[in-house]
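Starting from the given sequences, assemble the full structure and let the hints guide the process.
2 protein chains.
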Amino acid sequence: MWVYGALCRARSLARVQQELFSASWRRGPACSSYSASDDPSRVQALVYGLHGDPAKVVELKDLELAAVGGSDVHVKMLAAPINPSDINMIQGNYGLLPKLPAVGGNEGVGQVVAVGSIVTGVKPGDWVIPANAGLGTWRTEAVFSEDALIGVPRDIPLQSAATLGVNPCTAYRMLMDFEQLRPGDSVIQNASNSGVGQAVIQIAAALGLRTINVVRDRPDIQKLKDSLKNLGAEHVVTEEELRKPEMKNIFKAIPQPRLALNCVGGKSSTELLRQLAPGGTMVTYGGMAKQPVIASVSLLIFKDLKLRGFWLSQWKKDHSPDQFKELILTLCDFIRRGQLTAPACSEVPLQDYQRALEASTKPFVSSKQILTM
Amino acid sequence: MWVYGALCRARSLARVQQELFSASWRRGPACSSYSASDDPSRVQALVYGLHGDPAKVVELKDLELAAVGGSDVHVKMLAAPINPSDINMIQGNYGLLPKLPAVGGNEGVGQVVAVGSIVTGVKPGDWVIPANAGLGTWRTEAVFSEDALIGVPRDIPLQSAATLGVNPCTAYRMLMDFEQLRPGDSVIQNASNSGVGQAVIQIAAALGLRTINVVRDRPDIQKLKDSLKNLGAEHVVTEEELRKPEMKNIFKAIPQPRLALNCVGGKSSTELLRQLAPGGTMVTYGGMAKQPVIASVSLLIFKDLKLRGFWLSQWKKDHSPDQFKELILTLCDFIRRGQLTAPACSEVPLQDYQRALEASTKPFVSSKQILTM
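As they're listed, the protein sequences go chains A and B.
Last residue of the first sequence: 373 in the working numbering, with the numbers rising by one and none dropped.
Last residue of the second sequence: 1373 in the working numbering, with the numbers rising by one and none dropped.
Honestly, the hints are just simulated from the structure, not real lab data.
Please note that the accuracy of each hint is not assured.
[To be verified] Here are a few chain A residues that face chain B, going by a calculated C-beta distance under 8 Å: (1) G92; (2) G95; (3) K229; (4) G232; (5) T284; (6) V293; (7) L300; (8) F302; (9) D304; (10) K306; (11) Q314; (12) V348; (13) P349; (14) L350.
[Said to hold, decoys possible] Straight-line C-alpha distance at most 30 Å; calculated BS3-like pairs for lysine-lysine: (15) A:K248 / B:K1306; (16) B:K1056 / A:K290; (17) B:K1317 / A:K252; (18) B:K1225 / B:K1248; (19) B:K1316 / A:K306; (20) B:K1244 / B:K1225; (21) A:K229 / A:K306; (22) A:K229 / A:K252; (23) B:K1362 / B:K1099; (24) A:K306 / B:K1317; (25) B:K1267 / A:K267; (26) A:K290 / A:K248; (27) A:K290 / B:K1223; (28) A:K306 / B:K1076; (29) A:K248 / B:K1099; (30) A:K306 / B:K1248; (31) A:K290 / B:K1290; (32) B:K1225 / B:K1290; (33) A:K267 / B:K1248; (34) A:K252 / A:K290; (35) B:K1306 / A:K317; (36) A:K99 / B:K1223; (37) A:K76 / A:K325; (38) B:K1290 / A:K248; (39) A:K99 / B:K1316; (40) A:K99 / A:K316.
From the three backbone atoms N, C-alpha and C, an ideal C-beta is built for every residue, glycine too.
This is the structure we're talking about:
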């Protein structure tokens, strides 16, 4: 979720942030000294002490591993992606910001090494993912509170587990929670090649929904179109093609979408609104264009369009951990049936983080950078 | 509802318009000849044959009165206001547009003179108002289909009856249908001195809701503030005052609004969004500034603000005539209890329509022009 804006400084959100962090950051980086060491109680982590350009502010540091308390879980991280929201959080442009210094990364999968005496939900060997944003997944090992973690089945691919907790959850909830869609209905989205976008295409196809997928024009556009169609996209069009009169032909064979998913803002979102069926909803979950959503008064009044936003962190706050676990298990079913695969990934060792960070902020990079530990 | 935009030319809305008009316009102006006459079968009406500036395109014409068929009602119009939406419709900027030539006016009250043999809902002497927009109320008499009319009790003031069918209905539905408000909750609105705005103030006060009312600065602003406070407004602030840090003081004593009602668009609506409580809804029902609604991506995602639109014509299409009658009776209860009064009105004889049209398009005119027949 590529989001700009200064809202993160709002008082109410600072409180949200504090609450989320107090739960998941209990043993945050003991940053008193960062010297390299062979001490097994010391582990490596990608730490930032200031908000700014990730290439400049993120450093590989040694952190001290905390002792495992009764309700704690010692986790060896296996893989953790670099998502747009991780970058935004480091830049300081996100709805919740950790206390600095902080370990980067909000998503990833780890394996349980040891558990405290009163831990019942997971056992050594289990795979776990963060229960909430802000955990700091870009590190080799950590001791977390049990309630900061959610167990995931081990019979899914590692890359799927590492990329399960944010993007597919966001995609699934947006498809389910705003419009009552039935098989045959259509959905339009922009940023269709993003992690969320690819999950939307696959989950929608599995649910019998037809997708119109907008992407930015680029070299090798046909290759991208083919790859999204292979995932189940019915139509893939560039932003420019979306504005052409020929778009009408698409809607001769497919119903006008009742749901639009917007990760861009600006002109791109104006175009999504224009394509929506009367009464339809546009859900904004990102703002890659760093421009606001602009809606004509006429579309709101006479076409009864609805503009909403979605933020998985808020959804989790409004739902119980069991509901989040249920969501994860639902997505695992899609994965086991071959209906949901991880986005194309480039695995990069944690130590080569600079290369991975650089690649993840380049435009038109179609593969997700995944740090491996 | 002061609305701009080209949506009225959209195909789906043209259909809405056609349906609305085929129901309410059955005996539309028989415009074959417009010569003045003393013939009792001929009546006077304000007719426009082209879209454009009301002062230029509206003319007083003689129309022929149709015979009263079995399901028809002969109505003598008593009073009909000039609303912003009437002006927009004449200008051609509205979500439904009548076939031209058309009689102006969407609201008003008339008295039944005679009824057809199978009419059961109203009888001679009853007061009636239009069931839908597009009836053409600016005329001395007309024969309408029974289903184009709704009876209203005669124990409310004439001006209240003449201004009941659009603005108070819009105000009440917007207060009831978007957020579940409880006594003590607050509502913020702009264009607070409009017909809808005054109805919002009064109905909200009757429901125990606290209102923050934004108005444009003007000469004699204190007089306007006093008059809105007399109606029940808790706070009245100018657009400029709304942007000042002192606004924070208001929210020490009043909860942040969960509902914002926007009839302006542009900067004014941006400011309403900024004042909304997290999770709150802004309902747009007009666009006086002729500028779109602009929402930052952050407000949508991290503050979970919802942007909606309201159009009474659509509400009526989605509800039964009995539900509209129930709404009218609910509003009559407010009127009888002294909780809802008509806006300050200037009565102008139909023949002096040019003066009334001119006054109704002037800025900062605080009294509504009502044509009397």
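> When the hints from earlier in the document are held up against this structure, which numbers fail?
Replying inline: 1, 3, 4, 12, 13, 14, 16, 27, 28, 33, 34, 36 and 39
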